[in-house]
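S.K.: Got chain A sorted already, so can you dock chain B onto it with the hints?
Same order as they appear, the protein sequences are chains A and B. Each residue of the first sequence is one higher than the one before, starting from 1 at the first, in my numbering. Each residue of the second sequence is one higher than the one before, starting from 1 at the first, in my numbering.
With a cut-off of at most 25 Å between alpha-carbon atoms, the simulated SDA-like pairs for lysine to any residue come out as follows:
hint : chain 1 : residue 1 : chain 2 : residue 2
1    : B       : Lys19     : B       : Arg43
2    : B       : Lys48     : A       : Ile75
3    : B       : Lys73     : B       : Ser46
4    : B       : Lys73     : A       : Glu11
5    : B       : Lys73     : A       : Val14
Simulated from the structure, these hints should not be mistaken for lab results.
Number of protein chains: 2
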Amino acid sequence: MYVIAVYDVNEKRVGKMLKLCRRYLHWVQNSVFEGEITEVKLRELSQKALDIMNPAEDSLIIFSSREARRLEKNILGLEKNSLDKFL
Amino acid sequence: MYVIAVYDVNEKRVGKMLKLCRRYLHWVQNSVFEGEITEVKLRELSQKALDIMNPAEDSLIIFSSREARRLEKNILGLEKNSLDKFL
Numbered sequence: 001m002y003v004i005a006v007y008d009v010n011e012k013r014v015g016k017m018l019k020l021c022r023r024y025l026h027w028v029q030n031s032v033f034e035g036e037i038t039e040v041k042l043r044e045l046s047q048k049a050l051d052i053m054n055p056a057e058d059s060l061i062i063f064s065s066r067e068a069r070r071l072e073k074n075i076l077g078l079e080k081n082s083l084d085k086f087l
Numbered sequence: 001m002y003v004i005a006v007y008d009v010n011e012k013r014v015g016k017m018l019k020l021c022r023r024y025l026h027w028v029q030n031s032v033f034e035g036e037i038t039e040v041k042l043r044e045l046s047q048k049a050l051d052i053m054n055p056a057e058d059s060l061i062i063f064s065s066r067e068a069r070r071l072e073k074n075i076l077g078l079e080k081n082s083l084d085k086f087l
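Isolated chain A, as found in the complex (with noise of 0.2 Å):
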């Protein structure tokens, strides 16, 4: 399935949200990522997600399609993470 994360957590716990976030997506740009990923790989990411977020200040919206398929993107601006790619 593919899938854009985006995740709004408390600055204490952003370095281990994107640390976990690179290991199973795509960084965007910001707190966003996308990919494909499986149904068992998307489960163990929400699991370790919930493991580091505080319900109570975080969250984490996961966009899901089951098509194969990719959403169309356009970047307006800045493609931020194009020196990402060479890291």
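M.R.: Chain B only, in chain A's frame:
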């Protein structure tokens, strides 16, 4: 069409971008919006966003799907826009 829009702009321009996106889409979290929008309205939103943005610093990513059916959305943790519904 159905879109998810995520902006990352300098804080000087955040207020304007938030106000603009709210006129066309539903606020989800932080700088994330979603909703059904016509192609004409999406072009209008994009043009207005470009007028606000500094293309050397800011970005706006629009994920779009031509299918009417929405993506599945799962929220882990706090549903930040729950209050927003009543405002």
